[in-house]
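Participant: Work out the full structure, taking the sequences as your base and the hints as a guide.
Protein sequence lines correspond, in order, to chains A and B.
Position 35, counted from 1, in the first sequence is what the numbering used here calls 475; the numbers after and before it change by one each time, with no gaps.
Position 228, counted from 1, in the second sequence is what the numbering used here calls 805; the numbers after and before it change by one each time, with no gaps.
Note that these hints are calculated values from the structure, not bench results.
Certain hints may be false.
What the hints assert, rightly or not - Negatives, chain A to chain B, calculated, CB over 12 Å:
#: 1; residue: Ser450
#: 2; residue: Gln463
#: 3; residue: Ser505
#: 4; residue: Gly519
#: 5; residue: Phe521
#: 6; residue: Val533
#: 7; residue: Asp553
#: 8; residue: Lys576
#: 9; residue: His643
#: 10; residue: Tyr650
#: 11; residue: Trp683
To be verified - Some chain B residues near chain A, calculated using beta-carbon distances under 10 Å:
#: 12; residue: Ser964
#: 13; residue: Arg983
#: 14; residue: Gly984
#: 15; residue: Ile985
#: 16; residue: Ser986
#: 17; residue: Arg989
#: 18; residue: Leu993
#: 19; residue: Ile996
#: 20; residue: Gly997
#: 21; residue: Tyr998
#: 22; residue: Ile1003
#: 23; residue: Glu1004
We treat Cβ as the ideally placed atom computed from N, Cα and C, and that holds for glycine.
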Amino acid sequence: MLTINDLKVSVEDKDILKGLSLQVNAGEVHAIMGPNGSGKSTLSHVLAGKDGYQVTSGSITYNGSDLLDLETEQRAHQGIFLAMQYPVELPGVNNMVFLRESYNAIRKSRGEDELDSPAFIKLIREKADQVKLPGKLLKRSVNSGFSGGEKKRNEILQMALLEPSLAILDETDSGLDIDALRIVADGVNQLRSEDRAMIVVTHYQRLLDYIKPDVVHVLADGKIIKTGDFSLARELEDKGYGWLLDGEAA
Amino acid sequence: MTTVANNAEWLQAFKAELAEDDGDSSDHFDHLRRQAIDALKSEPLPFRTMERWRYTPVDALFKLPLNIAITGAANDIEHSDLFNPEVDAYRFVVSNGHALFLGNAADLPEGVTFTTMHKGMQENQTLASRYAGTAMRHQGAENTVTASPVQKDSKLFQYLNQSATPDGVFIHVAEGIQLEKPVEIVFVKTGDQADLLQSHNLVVLEKNAAMTLIEKHVDEKTSRSFCNNQSELIIDDHASMKHYYLQQQETSSWHRDGIHRIQAADSQYQGWFGCCGSQWCRLEMNAFFTGENALSEVQGIQLAMHGQVNDIHLDMHHDEPNCHSEQHFRGLVAEKSKIVFDGNITVSQDAQKTIAHLSDNNLMLTRNAEVDAKPQLEIYADDVQCSHGTSIGELDEQQVFYLRSRGISEERARRLLSIGYVSEIIEKIELDAFRHEMQELLERQLQASGAKGALGVIE
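Facilitator: What follows is the structure, encoded as structure tokens:
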């Protein structure tokens, strides 16, 4: 589904990703762990098409086509979803309106009919119940005045609504209490299917206990330095990153 | 009717026509008119050396070849589609300067007078004479205003209006009457001739009276007309008024409106202003508290997207103690357009315990636009709570990215965020029908702008 080959990315002439390669197949859940500043968020942002990153070499192929050729909204149309680490507040933009615009924009791009308002309201209420987002937050401005946990739940709600084929969760677990963490994990687990892939970027093993990824990667200094199965996450939790980084240096 | 061109020639022709016109008005109106004619002779043209005109280009107006339609053209328009279908209102139309009440006077509650200024002068002369000109000529308390070597203002347009004794709407609500249905006035210019159109409107609420006023300014066709309006709102003790104002004329036209308001003790006024139309739109609001414990809340949006100039001048005079005023505006500006906001609050020496706040926030959607925001507080009392502030900013690219990452196009994302920016004002509009009308108008205007790339979409 997604093939990243020797990707090099810089921000304002500073090299962040230094030859990253990654293969994610449909049906798989990959976790990317790594210390601060290793390039985890950069990878997420580049996949979603955010401005401000220069891809200096390498390639990203998504379902057979060059992902870097696509605009941000086109990537969303093709089924890429990024749950953000810091979801922005959109004062004055009603959450329900936003969710419907998003849902219908993606349907329209696939040549499907837009969902009318009553049908959409029914759908979004179901999804909101699933992720335990209080109904009143649907009526407010997007993320405005939401608590940290509510913002993350709103991200998971969008993921549940848009049913992406590739979901990237960028440190969605940071700052969450155990209940909110479960909701995030449930959101991921419910979406798990044979034709869908997920990349879970995280600092901690905690979320992975609930998600149980198929593959775990360690990203350090712009490269994937180790790949393993779920037991690698456990090992990292016990030993930290130091032993890997030392190995790298040696 | 005379057609002239350039360098204020129409103004000269207008003045000449005034001299020949004997007028048929009553003594009071004749007096007002003669005063205005005298004043008009010596009043200088507005010019950018005057503080009140510093940021508002007006030269091109005097170069327009205007028809001096002092008496106004015939009233020949089908009105029904101009009104908001969601509102059950008493309806007036002011078409090409001719006012007409579209309902039946017999259906009105006793003590309510709905008529036109011209009819009012003849049929309700005592009432009309008692009030016409009072808000406009109200002087207020004398404050030691900073002496300025340059003249701060030109009242040319006010005198221009008064010297012609234009028609308009005349509403009088007697003591204790609370009108349940709103009054909706549509000001419409028909035809494509470049006319000078004027109106003078007078709304009087006696003690304990209440009403809702909706006014809408539209064009039937594009024309390079100049509408020069004047309204007086007189709100007596314990009376209250809600006022909805929507300016959405074609971007070919010119529009100036002077709204003069006096509020007596314990009165309340709430105004929502949507200034979106015309190539040049200037709203002058001049309000005075003449009694204690009065409240004024004025909110609005300014929109300038198609090379437009949108200009609001607001003067709130706190001359009495214990009054409260709120004034909050937001603006959207793009593509060689300009927003001017000049908001002044004056608190006289006696106006202790005044509460007054003013804010004006603007969003620049493209770089080639201009905002001149000038908030001003002049306080002569020593026990008051006052604040003012303005801001000018751009859309946050993080927000644009967030929406795009959810499949929403860049143009649509910018439109949603722009509307979001002014929605703080719009959401507070009490009357659902008016709020909907405003939202739809904004959507349309921004959609049209987006199509032309005025939302800053990088191709």
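Participant: Work down the list of hints and note, for each, if the structure agrees.
Facilitator: Hint check results:
no.: 1; hint: Ser450; in the structure: 19 Å, holds
no.: 2; hint: Gln463; in the structure: 23 Å, holds
no.: 3; hint: Ser505; in the structure: 17 Å, holds
no.: 4; hint: Gly519; in the structure: 10 Å, violated
no.: 5; hint: Phe521; in the structure: 8 Å, violated
no.: 6; hint: Val533; in the structure: 4 Å, violated
no.: 7; hint: Asp553; in the structure: 16 Å, holds
no.: 8; hint: Lys576; in the structure: 16 Å, holds
no.: 9; hint: His643; in the structure: 22 Å, holds
no.: 10; hint: Tyr650; in the structure: 25 Å, holds
no.: 11; hint: Trp683; in the structure: 36 Å, holds
no.: 12; hint: Ser964; in the structure: 21 Å, violated
no.: 13; hint: Arg983; in the structure: 4 Å, holds
no.: 14; hint: Gly984; in the structure: 4 Å, holds
no.: 15; hint: Ile985; in the structure: 5 Å, holds
no.: 16; hint: Ser986; in the structure: 6 Å, holds
no.: 17; hint: Arg989; in the structure: 7 Å, holds
no.: 18; hint: Leu993; in the structure: 5 Å, holds
no.: 19; hint: Ile996; in the structure: 7 Å, holds
no.: 20; hint: Gly997; in the structure: 3 Å, holds
no.: 21; hint: Tyr998; in the structure: 6 Å, holds
no.: 22; hint: Ile1003; in the structure: 9 Å, holds
no.: 23; hint: Glu1004; in the structure: 8 Å, holds
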